[in-house]
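Asker: Now for the letters of each chain:
2 protein chains.
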Amino acid sequence: MRRLLDENKAKRGIVVGGGYIGLEMAEALIRRGLEVSLITRSPEVMGTLDDDMGHLVSEALRKLGVTLYLEETLTGFETAKGKIAGVVTDKRSLSADIVILGLGVKPNTALAKAAGIPLGEKGSIRVNGRMETGLSGIWAAGDCAESFHLVSRKPFYIALGTVANRQGRVAGINLGGGYATFPGVVGTAVTKICEAEVARTGLQEGELRKLGIEWVSAVIKSRTKAGYFPGAGDITVKVLAEKGSGRLLGGQIVGAEGSAKRIDTLATALHAGFTVEEMINLDLGYAPPFSPVWDPVVTAARAAEKLL
Amino acid sequence: MRRLLDENKAKRGIVVGGGYIGLEMAEALIRRGLEVSLITRSPEVMGTLDDDMGHLVSEALRKLGVTLYLEETLTGFETAKGKIAGVVTDKRSLSADIVILGLGVKPNTALAKAAGIPLGEKGSIRVNGRMETGLSGIWAAGDCAESFHLVSRKPFYIALGTVANRQGRVAGINLGGGYATFPGVVGTAVTKICEAEVARTGLQEGELRKLGIEWVSAVIKSRTKAGYFPGAGDITVKVLAEKGSGRLLGGQIVGAEGSAKRIDTLATALHAGFTVEEMINLDLGYAPPFSPVWDPVVTAARAAEKLL
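Chains A and B, in that order, are what the protein sequence lines are.
In terms of this note's numbering, the numbers along the first sequence are unbroken and rise by one, the last being 667.
In terms of this note's numbering, the numbers along the second sequence are unbroken and rise by one, the last being 667.
Bound conformation, chain A alone (with noise of 0.2 Å):
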């Protein structure tokens, strides 16, 4: 890509898909100077978050200065000699030097399909605790197999590349004659936008709809450090909880420096199954350097609780 920016001095990026592939995208144009559009059919960028922490993605984005065209479909290309020079959306039309499709991704599970091995969610091919397919002898892992989720208790299809190292592992040792069993994912994902660190795992508001489980949901605003340490940023937690029990559903984060990896007490709690009341005492790491004495994340598990 570098090459092909040099020679065109490329000046207009357009991204479509307000994903992690074209958020990372917009990112990659802005820091290379272009003035960057992203377009997505969603309310808000990144539709694995709610739309409420969605909402400050997309503000970081037009901060920026990414453009942003929400709630917009992609409906054709133009072109000028044999070259791109512009999208057409259901709204307006955009010039652009350069175009990046980030729509998102579906299983090649063609073949397996042709050789009878059933398929599950989304078209990816159904595989039990060890990574076998249905038919026996023959394996699957990675962005073309089914996945359980642990929180959902139901059959999910992510493709994560930890996933897909996680799937390998397991499908590698029992193809190897060992045996072992992948449980499952709770959707963890991480992303980074120049300086806005996203996080998430667990279900969402909208999955949760589907599924028909009745939640209370807080949203904290708290720092990445003790409120007085030097380079302490703002970090919003996003904690849902299952109505009446607490049993923790998700969390979302979005923040400065220092937030995203925070997610990761969250998702283990979701694989112990904790209730938002058990996580307000986990004995977390603090030090100012590091944390305010109440961990963002534990500050908004006591925010939920409340609301119970």
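There's no promise every hint is true.
In this list, chains with the same sequence are indistinguishable; a pair is considered to hold if it fits within one copy or across any two.
To be verified - With a straight-line cut-off of 35 Å between C-alpha atoms, the simulated DSBU-like cross-links for lysine-lysine are: (1) K602 to K580; (2) K481 to K370; (3) K440 to K580; (4) K602 to K472; (5) K370 to K513; (6) K450 to K513; (7) K551 to K580; (8) K370 to K584; (9) K551 to K665; (10) K422 to K584; (11) K368 to K472.
Worth flagging that the hints you see were computed from the coordinates, not collected in a lab.
Got chain A sorted already, so can you dock chain B onto it with the hints?
Answerer: Positioned in the frame of chain A, the structure of chain B alone reads:
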């Protein structure tokens, strides 16, 4: 302290004690341009780590220019014109313009003892799960109060701000007529000495030996971000697990920026009572700016699992 140092033009600082306060003060003196020596009775600084991990912190201090006197005991002070002029150890005399003592914490419970309130570990005030003392209607919380260790399942004394805050919340709710319990701690602590981040949770080898718990341990070296990502730094993680069962017993981390708060994953796993095998498939956040695909904490758990 600022005024004291400016007025005295202090050049040589001596810190006695290799714990959290000692290390933080050593950093403060270095940042002010003093020549710093640190004296501790232990074989390495940070006695709350195992010696192999403490050694990494000792090395980090030496790299910063701190002269370490390990396995030495302070026996006296030297003064001149009514001011401090140096310290005497069992091995040498060292001149100094400022001496800082970070000798640890003892609970100040003389009043409680005189009132007939039963004391516990290290003279701290014994409390029940609601933070009520042995005298009905009298409550205790904070550095004077005993905790319960969730890994050893025994009474435990630890004087940290996070624990004091959590205990205070529980005592306050109960005093106000509500109902709350404090389940206990897992012994998490983090600190930073210039660029080196240090973290620990659970039980260390010395504690396990005393408790008669058999363990395996694994130490792995990894990177704080994807290896190819700018700014990736070294991280060393040690994980201790119960021999046979694989139950996680503790963990220690020493590394560059982005290392310390990873202890929260281990701390949450300790609260959950996870085995290292259960930790292998934890769905932790991955993106190149934050972590290798296999989080260092999980890599350490995998290494420990192979030794069970």
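Asker: Up to 35 Å between alpha-carbons, please classify K551 paired with K580: within, between, both or neither.
Answerer: Answer is both: 19 Å inside a copy and 25 Å across each meet the 35 Å cutoff.
Asker: Classify it for me, K481 with K370: is the Cα-Cα distance of at most 35 Å met within a copy, between copies, both or neither?
Answerer: Close neither inside one copy (37 Å) nor across copies (68 Å); limit 35 Å.
Asker: First find the shortest C-alpha distance between K422 and K584 inside one copy, then the shortest across copies, and answer within, between, both or neither for a cut-off of 35 Å.
Answerer: both (23 Å within a copy, 26 Å between copies)
Asker: Indicate which option fits the pair K368, K472 if close means a Cα-Cα distance not exceeding 35 Å: within, between, both or neither.
Answerer: neither (45 Å within a copy, 79 Å between copies)
Asker: Up to 35 Å between alpha-carbons, please classify K450 paired with K513: within, between, both or neither.
Answerer: neither (38 Å within a copy, 66 Å between copies)
Asker: At 35 Å max between alpha carbons, let me know whether K370 reaches K513 within a copy, between copies, both or neither.
Answerer: neither (46 Å within a copy, 65 Å between copies)
Asker: Is it within, between, both, or neither for K602 and K472, if the alpha carbons may be no more than 35 Å apart?
Answerer: neither (41 Å within a copy, 45 Å between copies)
Asker: When no copy is named, should K602 and K580 be tagged within, between, both, or neither for a Cα gap of at most 35 Å?
Answerer: within (22 Å within a copy, 42 Å between copies)
Asker: State whether the alpha carbon distance between K370 and K584 is at most 35 Å within one copy, between copies, both, or neither.
Answerer: between (38 Å within a copy, 31 Å between copies)
Asker: With identical chains treated as interchangeable, where does the CA-CA distance between K551 and K665 reach 35 Å or less: within a copy, between copies, both, or neither?
Answerer: Both ways: K551 and K665 sit 31 Å apart in one copy and 34 Å across, limit 35 Å.
Asker: Is it within a copy, between copies, both, or neither that the alpha carbon of K440 lies no farther than 35 Å from that of K580?
Answerer: Answer is neither: 51 Å inside a copy and 53 Å across each miss the 35 Å cutoff.
Checked against the numbered hints listed earlier, the structure breaks hints 2, 3, 4, 5, 6 and 11; every other hint is satisfied.
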